[in-house]
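Colleague: Residue-level listing of the chains:
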Amino acid sequence: MLLVVKNLSKTYREGETELPVIKSLSFSMAKGDFVSIRGASGAGKSTFLNLIGALDSFDEGDIIIDGISLKNYAHKEELTLFRRDKIGFVFQNHYLMAEFTVLENVMFPLLLQKVPRRQARERAELMLERVGLKDRRNHYPSQISGGESQRAAVARALVHKPVLVLADEPTGNLDATNRKKFIELLQNLQLQENLSILVVTHEEDLARCAKRQYLMVDGKLELLSG
Amino acid sequence: MSLLPVFIAWRYLRGKGSTILSLNARLSFTGIFVGTSLLVVVLSIFNGFQVQLKNSIFRFDPHITLTQETTSGPEKIFSWREYKAKIETRLEPKLLLVEGAISSPAIVRRKNLLEHVYLRAVELQRDPVRNQYLLPAYFPKIEEPANLKTFPRGSYCLVGREMAWQLGLYVGDEIEVIVPRGEFAARVGLRPSLKSYRIAGFFKTGHYQYDSRVVVMALEEAQKLFAIGDSVQQIFIRLKDLNELRQVKGEVMKIWPFSVRTLEEEQRNFFHALQLEKTIMTVIVFLFVIAAIVGIVVATYNLVHSHRRDIGILKAIGMSNLSIMAIFVLSGFTMGYLGTLLGIMTGIFLSVHLESILGVVEKALNFLARLYTEKISGGIYFPINLIPRDVYYFDSLPIHIDPGVLHQVGSLAIVLSALAALLPAIVASRLEPVKIIRSTE
Ligand SMILES: Nc1ncnc2c1ncn2[C@@H]1O[C@H](COP(=O)(O)OP(=O)(O)OP(=O)(O)O)[C@@H](O)[C@H]1O
Ligand SMILES: [Mg+2]
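Protein chains in written order, with the working numbering: chain A, 1 to 226; chain B, 1 to 441.
No lab work stands behind these hints, which were simulated from the structure alone. Honestly, I wouldn't trust all of these hints.
Partial list, computed: chain A residues near chain B (C-beta under 10 Å) [as the list claims (entries may be wrong)]: (1) Ser46; (2) Asn93; (3) Tyr95; (4) Pro109; (5) Leu126; (6) Asp168; (7) Leu223.
To give an idea of the chain A side of the interface with chain B (calculated C-beta under 7 Å), a few residues [claimed, not checked]: (8) Asn50; (9) Leu55; (10) Asp56; (11) Leu79; (12) Thr80; (13) Arg84; (14) Lys86; (15) Phe89; (16) Glu99; (17) Leu111; (18) Leu112; (19) Lys114; (20) Glu129.
Yeah, the Cβ is synthetic: ideal placement off N, Cα and C, and Gly gets one too.
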């Protein structure tokens, strides 16, 4: 199994009040799985994704990715390296760094892995070609459209071939046509590269293109189909 | 660590597209830049005043003065030639000059104007051909007649340029010098001695006190005036190197059993004032440094704040805390470094051209002032003078650029800007990516 989540619990504490968000959740994913999670706003979908991506800490249970429990990483810096090497993130606001060109943005995950600059550049260009942004590579984020930005963000999330891609409402800011294009792109890439994708979304059409679809209710995942 | 933080820091400073510096970097750079250039100008002027004052005093005043002090003042020294020879043989390599001297308060009368002055009479070499005295090498410049090197023997004296102005004197005019006769210390009551001297020239030391109060003549002439035969009141010693002042004093004290006073001791107030000026300078530098630190802290903090989302993303995709810190330390440091460097260069340029710059400012101010008085207020127009000569008593603004001080200020600013950037950089490295990602969702 690529990802195993066992009895995961997460409670937010603000002074006296406690807000249990994830309640003894179990879930697993194999390599090449394409999973979508839907759920009401505030159900805890983002929280779940952030826990798997080691951006946040959980209270109970365990998360095992690629055979290694996140609990094995004692230090935050080790978790940082884990993210760098294993995870590809796509956020709702497809956040690209404004002072860098599209190409440079896509190169960052590789540069962080200390891939030589030239090689990083070649791989990033290749990735941009796959998402259809080759001719936009030297533009700055402010010079491209929202749909293009989100495609660039996908390129950035995939360029270093992460074992798991985590996408939190990747189409949240896109209009219908752009959303459609984006979903097609994601589907193609997933098939071609045998990617393992976990996507959180409100959008029916995006959710439906996943092989397995879940609904998050009361801190747990319910299988809808697949 | 990789070069990635350098690359990112550089981009943050450069900003998007082709601007030279981002707005943020430009602001803090400007702060440091303006601060440093002004500091350099201020320090150059301060230094200039100090150097000018010191030079004028060290050139004109004896470095060590020997007297035979009694309770009622200095005594006549009869055997001064003996001591002079002794000191000369003993300390020869360190000395510039040893001379018998008379330095005494006196009164100058010109028509019905009286002025209290100091009479300074020193041994003067005689021109072997003409019947004239040679001015010693250390003697300040003679303003009028320009570049005078000798003056006639007999009843002639030299006075300071300021005194000449104040008393309305011309070269060749006569003044009366009045001193107590026979004794320096008025032990037996005052019997005045009075004699007329013709003015051979005006000197200018650059020090107002001297130029307005000192009358110089040959020792022989003063001895006649005081009617004391071949005795003197002081023995003056001048050194080649003023750093040896204390040491030479020690050795002179072994030869001269009476009072030995150095220039520093004679001019205690003056040196205190110089010290005070140094302290003020230090305070100014200190204030500047604080301002620079605050500037860098604020600028770097702004940079961190405006790049919160970048920090969140970079951490999410696996950049270490240390690298995040490096980005912002480098940014702050670079702003400080460039600002300081350019500031120092500009400061030097401004210092060197300060007079002409002030001249232009003065003209502009006067133009506006005249326009205002003539067209609007209708009052009387007085020209503005930014550097009134009669107040500052300098022909030109004394500017002295001290490379040592610049070096210190520069290194301090650069090191501190790195340190100042550290705090916001630590804040940046501690930001939690999950919070950032949530807050922008
Ligand atoms: N840092 C936090 N402190 C306290 N409560 C939090 C914190 N982060 C999230 N929550 C709460 O946890 C709950 C789950 O939040 P989460 O963002 O995971 O929901 P979500 O399913 O992603 O919702 P949406 O569909 O609106 O994005 C919400 O009620 C939210 O207010
Ligand atoms: Mg969410």
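Colleague: None of the hints should be skipped; say for each whether it holds.
Modeller: Results of checking the hints against the structure:
no. : hint   : in the structure
1   : Ser46  : holds, 7 Å
2   : Asn93  : holds, 6 Å
3   : Tyr95  : holds, 5 Å
4   : Pro109 : holds, 5 Å
5   : Leu126 : violated, 19 Å
6   : Asp168 : holds, 8 Å
7   : Leu223 : violated, 26 Å
8   : Asn50  : holds, 5 Å
9   : Leu55  : holds, 4 Å
10  : Asp56  : holds, 5 Å
11  : Leu79  : violated, 9 Å
12  : Thr80  : holds, 5 Å
13  : Arg84  : holds, 2 Å
14  : Lys86  : violated, 9 Å
15  : Phe89  : holds, 5 Å
16  : Glu99  : holds, 4 Å
17  : Leu111 : holds, 5 Å
18  : Leu112 : holds, 5 Å
19  : Lys114 : holds, 6 Å
20  : Glu129 : violated, 21 Å
The earlier numbered hints that this structure contradicts are 5, 7, 11, 14 and 20.
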